[in-house]
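Student: Put chain B on the given structure of chain A with help from the hints.
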Amino acid sequence: MAITQLSALLENTPGTLYQAVSTISDAGINLRALSVADTRDFGILRVIVSDVEKTKEVLSDSTICTETKVIAAKMSDQAGALKKILAVIQETGVNIEYVYAFTSPVAGSAYVVLRVDDVEGAEEVLARRGIETLTDQDLEGLL
Amino acid sequence: MSNYYQKEIETASREEILKIQNEKIVKQVKHVYENVPYYRNLMDQKGVKPEDIQSVDDIKKLPFLTKDDLREAYPYGLLGTDLKNCVRIQSTSGTTGKRVVAFYTQHDVDIWEECCARAIMAAGGTSDDVCQVSYGYGLFTGGPGLNGGSHKVGCLTLPMSSGNTDRQLQFMMDLNATILCCTPSYAAYLGESLAERGYKPEDNKLKAGIFGAEPWTEEMRRSIEKSLGIKAYDIYGLTETSGPGVSFECEEQTGMHINEDHFYAEIIDPKTGEVLPEGSKGELVFTSLDKEGFPLLRYRTKDICILSRKKCSCGRTHVKMTKPLGRSDDMMIIRGVNVFPSQIEAVLLKEGYTPNYQIVVDRVNNTDTFDIYVEYSPEQFSDKIAVVQAQEKALNGAMRSMLGIGPKIHLVAPKTITRSEGKAVRVIDKRKLHD
Numbered sequence: 001m002a003i004t005q006l007s008a009l010l011e012n013t014p015g016t017l018y019q020a021v022s023t024i025s026d027a028g029i030n031l032r033a034l035s036v037a038d039t040r041d042f043g044i045l046r047v048i049v050s051d052v053e054k055t056k057e058v059l060s061d062s063t064i065c066t067e068t069k070v071i072a073a074k075m076s077d078q079a080g081a082l083k084k085i086l087a088v089i090q091e092t093g094v095n096i097e098y099v100y101a102f103t104s105p106v107a108g109s110a111y112v113v114l115r116v117d118d119v120e121g122a123e124e125v126l127a128r129r130g131i132e133t134l135t136d137q138d139l140e141g142l143l
Numbered sequence: 001m002s003n004y005y006q007k008e009i010e011t012a013s014r015e016e017i018l019k020i021q022n023e024k025i026v027k028q029v030k031h032v033y034e035n036v037p038y039y040r041n042l043m044d045q046k047g048v049k050p051e052d053i054q055s056v057d058d059i060k061k062l063p064f065l066t067k068d069d070l071r072e073a074y075p076y077g078l079l080g081t082d083l084k085n086c087v088r089i090q091s092t093s094g095t096t097g098k099r100v101v102a103f104y105t106q107h108d109v110d111i112w113e114e115c116c117a118r119a120i121m122a123a124g125g126t127s128d129d130v131c132q133v134s135y136g137y138g139l140f141t142g143g144p145g146l147n148g149g150s151h152k153v154g155c156l157t158l159p160m161s162s163g164n165t166d167r168q169l170q171f172m173m174d175l176n177a178t179i180l181c182c183t184p185s186y187a188a189y190l191g192e193s194l195a196e197r198g199y200k201p202e203d204n205k206l207k208a209g210i211f212g213a214e215p216w217t218e219e220m221r222r223s224i225e226k227s228l229g230i231k232a233y234d235i236y237g238l239t240e241t242s243g244p245g246v247s248f249e250c251e252e253q254t255g256m257h258i259n260e261d262h263f264y265a266e267i268i269d270p271k272t273g274e275v276l277p278e279g280s281k282g283e284l285v286f287t288s289l290d291k292e293g294f295p296l297l298r299y300r301t302k303d304i305c306i307l308s309r310k311k312c313s314c315g316r317t318h319v320k321m322t323k324p325l326g327r328s329d330d331m332m333i334i335r336g337v338n339v340f341p342s343q344i345e346a347v348l349l350k351e352g353y354t355p356n357y358q359i360v361v362d363r364v365n366n367t368d369t370f371d372i373y374v375e376y377s378p379e380q381f382s383d384k385i386a387v388v389q390a391q392e393k394a395l396n397g398a399m400r401s402m403l404g405i406g407p408k409i410h411l412v413a414p415k416t417i418t419r420s421e422g423k424a425v426r427v428i429d430k431r432k433l434h435d
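Sequences listed follow chains A and B, in order. Residues in the first sequence are numbered from 1 upward in steps of one, following the numbering used here. Residues in the second sequence are numbered from 1 upward in steps of one, following the numbering used here.
FYI, nobody ran anything at the bench for these hints, they're computed from the structure. Among the hints, a few may not be true.
[Stated by the list, open to error] Derived, one-sided and incomplete: chain A residues facing chain B with beta-carbon distance under 8 Å:
(1) Leu10
(2) Glu11
(3) Ala37
(4) Thr68
(5) Glu97
Beta carbons: idealized from backbone N, C-alpha and C, even for Gly.
Only chain A is shown next, with the shape it has when bound in the complex (with noise of 0.2 Å):
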């Protein structure tokens, strides 16, 4: 369950992150969804793309890359769709640590992607509330 992000370490000077894009893309990888944190030092640059190892094998030559488990839940294309997400995962007490959306190619919903400090409990919560949720199979079919 839940869906595999690389997380890659980017140096903080400009350049970094558009020759990370280039490799991605140089290599035929779609980018399914991205986003960037900054701490002082440096970047970090989260990825949804359609070929872990791939991305992996060609972002390693410059940096670490690493893999994360996150949940990718659907959500419709309406007001209060991320609140109802949100609230369950409330109700749970599990920690978020970071989130980020994407659209997805069907129209009219969008899937939020959660980092959390208990992948399992709150996979299995989402479920039991009817909130659907990517596996890595359901990206490919995706993407």
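Tutor: Same frame as chain A, now just chain B:
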């Protein structure tokens, strides 16, 4: 006319000093040979007997001692007398694992304090002065040394120790301190702090400062002199030989007179160990001439400097040394603390990091900045910001407990640290302390 603590010896002729040194070295070598098995072994290995040393000219036959010897012999291996005869222990600031500990008999403490008294009087000190000692007190030799010297001169001594700037300034102003003893960076900081509180340089009663324990420049001297309205004097020493006061500046401010009746100085080629003629630049080596507790023969300081016997206008005849012009090893002095890159490497490996690091030292507003950049390894890398911050904090703590001062830690991406011809540049010192 200069101000002396022991005029007769401080202005003695070259012949008289040599006579004293020759008498003392024979006794000192005999004392070491009989009481310090560690050094006796070194002498035996080199085939040198105490009888071979009849004058200071023979010192070059003796084996060298290095900091490695001191670590190996830790704690009692170089002790020169029974512990029951010793009255004091001092230690060096933050060094790897085993620190250097030095032992003093009352006689050793007296000599040390006399040397400091000479420095205070060379800076114009008399029994009318109020001497504010703002070096750290404790295992560090700065505070105890100048404190003792100040007593010997008869100054009213203010044993402030370091830190607590508000109290430092309050006592300096309220109790009319006339002489300030501390590290040059702290003196600069006190000068700035006074200005921030609206005081002008002429508002304080200070006339002189005795500053040492870290490298400082001529430019920094002028700036301290201006901000405090004083004349600033340099002082040199190391725990291994006693502490501050091994050499000190007079009013000429053109080098530090070495107390030659207690310490014999040589300049050697750091690579070959060969003794170099006067005026050559090389590594400074000290031989104690009359120590009991911790007598060291031919101790290599790793400080690079030049000796000069040029006549000094102050009337002192003892040889002068330049400020250290560099190091023959990779030791840095940061905020008065000795730091070796090898210590930093040891901490990184112990904490599970790569040994790919870079130390950046700079001086901003007269205070040293100390940053360490460390490359992440895949095992450590976390994509959670909170984890990154916790890692940096933990590494800072580990460094602080090893070094005695805490660097700012920067965890960075792999292969981002500057490499020169494939070799990582470990240290970037932007302070420009040496010409």
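Student: State for each hint whether it applies.
Tutor: Hint check results:
1. Leu10: holds (6 Å)
2. Glu11: Holds - the Cβ of Glu11 (chain A) comes within 8 Å of chain B, reaching about 5 Å at its closest.
3. Ala37: Check passed: Cβ of Ala37 (chain A) comes within 6 Å of chain B, closer than 8 Å.
4. Thr68: It holds, given that the least Cβ distance between Thr68 (chain A) and chain B is near 6 Å, below 8 Å.
5. Glu97: The hint holds - Glu97 (chain A) has a Cβ within 8 Å of chain B, the shortest such distance being about 5 Å.
Of the numbered hints stated above, none is contradicted by the structure.
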